[in-house]
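Note that the protein sequences, when read in sequence, are chains A and B. Going by our numbering, the first sequence opens with residue 1, and the numbers climb by one from there. Going by our numbering, the second sequence opens with residue 1, and the numbers climb by one from there.
In case anyone wonders, no lab produced these hints; they're calculated from the structure. A couple of the hints might just be wrong.
Said to hold, decoys possible - Below, simulated DSS-like cross-link-like pairs (lysine-lysine); rule was C-alpha separation at most 25 Å, straight line:
1) B:K696 <-> A:K77
2) B:K64 <-> A:K46
3) B:K145 <-> B:K737
Unchecked claim - Interface residues of chain A toward chain B, partial, derived using beta-carbon atoms under 10 Å:
4) G28
5) R56
6) E60
7) G61
8) R80
9) R95
10) W96
11) I99
Idealized CB from N, CA, C, for every residue including glycine.
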Amino acid sequence: MSPEQTSLLQGTLDLLILKSLRAGEMHGLGISRRVEQITGGTFVVKPGSLFPALHRMEEEGWITAFWGESENNRRAKYYRLSKPGLKQLEAETKRWSRISLAIGQALEAS
Amino acid sequence: MPLLVKARSFLRNLFFVRRVDADLDREVHSHLEMLIEERMRAGMAAPEARRAARIELGGVEQVKEQVRDSRTGAFLDSLLQDFRFAIRSLRRTAGLTAFVVITLALGIGMTSATFSMVDALIFRPYPVPHPSNVVSLAGTTHDSKIEDFSYREYLDIRDNTKSYDGVIAYADMQAVGFSTEPTATPRVKGGMMVSGNFFRVLGVEPRLGRGFRPDEDQVPGRDAVVVLGPDFWRHEFASDPGVVGKTIRLNGTSFTVIGVAPDEFPGLLVFGHPDLYMPLAMARLFSTDIGKNFFEDRDDRELNVKARLKAGTSLSEARNELAVLAKGFERDYANVTRSRGAAVYTQFQTRTIEDQNWKFGVVFVILALAVLLVACTNVAGLLLSRARERAREIAVRLALGAGRLRLIRLLLTESLMLATLGGLAGIAIGYGVIEWFHSKDTIIFATELPVAVPFQMDKRVLLLCVGLSVLSAFLCGLAPALQSTRVDLVNALKSADVEVPGRKRLWGRNMLVVAQVAMSLMLLTASFLMARGFQHDLMVGTGFTKDHLLITSFDPRLIQYNATQTQQFYKLLAERMRETPGVQSEALTQNIPLGTDDFDGLTFVPDGFTMPPDRANFASTMDTIDEGYFATTGIPILRGRAFLTTDTADAPRVAIVNAHFAKHYWPDGDAVGKHIHLDNSAGVPVEIVGVAETIKYQTMSDPMDFIYLPLAQRPVARMVLMLRSSGDPLQLLQPVKDAVRSLDPNLPLLHTQAYEEFYLNQAVRGPQIAIDLVGTMGAVGLFLAIAGLYGLVAYNVSRRTHEIGIRMALGAVSSDVLRLVMGKGVVLVGIGTGLGLVMGFALEQLMNSMLFNSGGVDVVAYLIVVPSLFLVAMLAAYVPARRACRIAPTQALRYD
């Protein structure tokens, strides 16, 4: 892993997973790669953080899990965004935009 | 909705552990497989791809553990796991577990039993609703912080204060003659006079009938009504629900039963549980000072006053209000109220001022806590040495992804379980000890009144047990847990010996040795001191003859004698007794020495003394006696004379003082011939005609001032008859009964017994209970300390077997090794002894100031205790060191 890859900020991981699942149902590895892809390789999600997050979010009711077939005919556990999850994604997105805007302004101020 | 989802996951996680776990396992493995495939698609060879994938994953088990930790209910789940595991591992080492549990149980049991004393004497709230706002109002003088009020003073306080929702008054519990038929001989019961608002203000609802009406306490002598205590009702009336309205006779007068107090209200007293509550208005039948008018005399002070503080009124406001009122008393009634103040006390203050016995309780608790601490260090030492044996297991767990915190929790769960078992067993021991106290009831209280040892295993004591158990779990478990989880993984897995090099670990164990020596030294010193303190008191002697004495008490008020009849009765009784064969001499006294009742106080001003402006008089304890007293008790008259039959009510007033008194007020001159004035310098002059030897009066403690007044000049209703017999004093029992029956068949004999028997109970067997208790604690503490000390020192030495092997291989001889090992022991025990001496000395000062007032240092105690502890420690170091020296170096080097 290159030192460039930023460690995930607390709370960002949930947002990124929800965002990835917005595109459709996905298994763990798929989510991991998708996050890497949409953040341009800045964020790398390791299984040690990914799986606890997924299970926690499932318990929160934001995503639902089911077993399905992978692209290579392998059984894999898939995750899908639920209605509360969608709501959570919107709320988190708003919150995040607000924060990033504020931080951006703060850093630009002289 | 999310809450429901969450609850579902929680239940699923809890009850379908296996299925959830299998699912997780499949998921992580499929993830791993996909990672490998991805690598191989990118062109890696299979083994290489597998390796890279594993590195990225970071370990299947670790990932699973992380997921488990993040789950809902993970905490509870793992806690259950911990418990199951702890039970398994404790069962595996049943012997050790049993020892630890017994050790802790002794400590916790001792502490809870002794705390129950302090609890009963100080903390237990009044058995009424909202007990915390019940405060005590008390008079204060130069000599006392808590004094009773007179009836007049009570009325003034009740009517002129605004801080309270009601002010009540009650007299001390006293002997009352009870009978159901006018012709029957009355039996002695414990009665208490209370103000008419007593039950109402306290918020106590009678279980049957009613409490007093306000008008029933208005007119002296009019309303003869009585409320029964719950136990009395049960025993005397077999819980008869129809008792209300019945008539009973108290001190010869008919009373109508109007109610029965509830079981929850055994009374306001710590020890006594009154049988009968009578209104203050009936005081003519019950008041103690027959020379005074209860309803009019402002200095006939017989009443405890308590009040309910109004919500929003502070204690200091109430204090100021009462202080102003007391100033008014002093101004308006200067002749009877000079230099008297007043104070408002909380329950805690009242109890701690009223009765000093709680101090014994506190010392007992301190000692018991020391036993518990010794027990805890023992357990900590044991767990520590066990932790070493488990080091590899712990290292494996750490390697498999268990967090350090999680492991510490696991180990703490284990010690918590130990402590819980210990706590439960401790509660059982506590119950046992308290039962033992109760079995001593009749020894502690030699009286016919309804009093009992109040110690109980109640809510607060049980709470303490739980608290102590948890605390001791942390005390014994935390250090070993912290230490055993701080291991170097690689080394731990490689070798069996995972001792971290460095001093830190050794330091902890050495601390335990030092603490153990110090604690047990303090404990032993204290129990020695206490035992010797009591023994010393007994050795000193009492100053009067105790054998061949029969005592029996009379209270002619029980059958409604007036003052003249009473004195006539005593005169006749004395005459009859003197004529009885077998009676060498006869005496009447208001109180016997070292008896259960307090002596009266007397205020006076000696001739020729100018009192300071803020002080009206001096105070001394006193006794009222007849002319046979000194001959019967054998107390020598040092100067002057004893009382004579010529000291009649009409003769000039006379008094006899003790030597202590004489020396106190006339250090250079002769007290005989001097006068004291009663109450103040303008009071009645009384001539001192004799000086008696100072004896032990109230307790076995220091000598005090004492004045004797003749019965003829100071009539008292309740007197004790003392008879000196030529043979067995109990043989005089029948002649006394006959004589009394011929004077009045209705008059009961109270507390009849041989004085020596009474004295043994009161002054010897009572303290013996305390000595037994402290002795047991000392013995338990010593036993635990020796076991622990031996274990720790021996373990420390055996840990060095390897090192000793090297030393021997390099040419050291056994004497070198012994010196090395023993030297270390000596240093540790020396430090512990030093600390223990400091603590023991501090405790001795505390005990001296609180209990024995002897002040000196008890050298003998230290001379016995210190060397014996040293010996044990030396032996503990010697035996394993000796063994280590005997092992062949080759063998010792292989030893781990």
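For each hint, the structure was consulted:
1. B:K696 <-> A:K77: violated (91 Å)
2. B:K64 <-> A:K46: holds (13 Å)
3. B:K145 <-> B:K737: violated (43 Å)
4. G28: Holds - the Cβ of A:G28 comes within 10 Å of chain B, reaching about 5 Å at its closest.
5. R56: holds (5 Å)
6. E60: Holds. Min distance 6 Å.
7. G61: The hint holds - A:G61 has a Cβ within 10 Å of chain B, the shortest such distance being about 4 Å.
8. R80: Because about 14 Å separates A:R80 from the closest Cβ in chain B, which is outside the 10 Å limit, the hint is violated.
9. R95: At 18 Å from the nearest chain B Cβ, A:R95 fails the 10 Å test, so the hint is violated.
10. W96: violated (21 Å)
11. I99: violated (23 Å)
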